[in-house]
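Heads up: the protein sequence lines correspond to chains A and B, in order. The first sequence begins at 1 in the numbering used here and counts up one residue at a time. The second sequence begins at 1 in the numbering used here and counts up one residue at a time.
It cannot be assumed that every hint is accurate.
[Said to hold, decoys possible] Here are the simulated DSS-like pairs of lysine-lysine, each with C-alpha atoms no more than 25 Å apart in a straight line:
1) B:K126 with B:K100
2) B:K126 with B:K56
3) A:K59 with B:K126
4) A:K38 with B:K50
5) B:K94 with B:K126
6) B:K56 with A:K38
[What the hints assert, rightly or not] Residues of chain B clear of chain A, computed beta-carbon distances all greater than 12 Å:
7) D86
8) M93
9) S95
10) Y118
11) L134
No lab work stands behind these hints: they were computed from the structure. Heads up, the beta-carbon is just placed ideally off N, CA and C, and yes, glycines get one too.
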Amino acid sequence: MRGYIFTLDAILAALAALVMITAIYFFVSGTQSADWSKVNLNSQILDSLAVLELNDDLKNAVLAGSNTTLNTFLNSMFPEPACGYIQLRNSTDSLHVHSLKTGCSRTGRDEVFIARRTFIVGEDIYYAMMEGWYE
Amino acid sequence: MFSLFNKLSNKKRRNKLKAQIFTADAIIAAGIFILILISAAYAWDYSREKAYLTDKRDYMEMAARGALSGLIETSGNPSDWHTNQDYLNTSYMKSLGLAKNRPWHLSAEKIQAMQDWYPERNETFKRLLGLQGLNLHMEFWVYDSGFAANADYVIGSSPGSGIRNIVRLQRTGLFQNDTGDYWLKIVLEIWENE
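The shape of chain A in the complex, shown without the other chains (with noise of 0.2 Å):
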């Protein structure tokens, strides 16, 4: 009898063992690396900006009053499968210029990323809203 009530402890001590084992490899198993998308994503906005500003392409799509250009470069240079939009607005905030990536929806996102940048046309400031996101 008494054996009988030392191997059910032992049996019982086996088990909260194995169980505390297996959540152990259940929640490691679970972490992740950080997800260093988003961070791209982020330097990728950035970049954007950066560059069409110093290419003088914002400036020249509020004078041309066309999102040709900036069509143009988010179908080329924004990666895939990123979407993106970009907004070029003055500085009482009336929208002058935007533009969406192709087969990309502002609907439904799950987690947007913005960046903002100030340009000068003649003498007046604009500003540049671009958007990210993963679809």
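Starting from the known structure of chain A, fit chain B onto it as the hints suggest.
For chain B alone, coordinates are given in the frame of chain A:
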């Protein structure tokens, strides 16, 4: 006499019986104990490996970002390193950068120099970029009414198909040459030997 013999015999039997019970319990307990030890060792080994791989991946991601930032946002020290290959031999060369005179404006001459000198001086370049012990592959795609079929500049060999842990990073800059400024797509891949 007979009584004494019986007593001794009973005592021996009792001792023998106790020893058998103890042995059976001990074997079961030892078996379970060994099973638990093996499970714990496996879990320990797995978690150690997992932590190592996670750390390694994070380190490679940060190294790639640092290297690419240095290349795009700085001119290098000295900034005219591309004019003399001997700079790479000396401690005079402090850092590597591809910018011409301001961030994002990349010099065609510097990219060309890096492509030409990399096969012979890859260890020096990797040291300057903080990528020692890693393999590197870079592509520069110049946008001129579209991209060419192949990259305009290629540095290092591309990774084989069997490499699992590759960090791939893309950034954008401006390519400056005599004919003007062009959008530039820069792709960096780094990986460890497996």
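Here is how each hint holds up against the structure:
no.: 1; hint: B:K126 with B:K100; in the structure: 20 Å, holds
no.: 2; hint: B:K126 with B:K56; in the structure: 17 Å, holds
no.: 3; hint: A:K59 with B:K126; in the structure: 38 Å, violated
no.: 4; hint: A:K38 with B:K50; in the structure: 22 Å, holds
no.: 5; hint: B:K94 with B:K126; in the structure: 13 Å, holds
no.: 6; hint: B:K56 with A:K38; in the structure: 19 Å, holds
no.: 7; hint: D86; in the structure: 32 Å, holds
no.: 8; hint: M93; in the structure: 26 Å, holds
no.: 9; hint: S95; in the structure: 20 Å, holds
no.: 10; hint: Y118; in the structure: 23 Å, holds
no.: 11; hint: L134; in the structure: 16 Å, holds
Figure legend: structure checked against the earlier numbered hints; the only hint not met is number 3.
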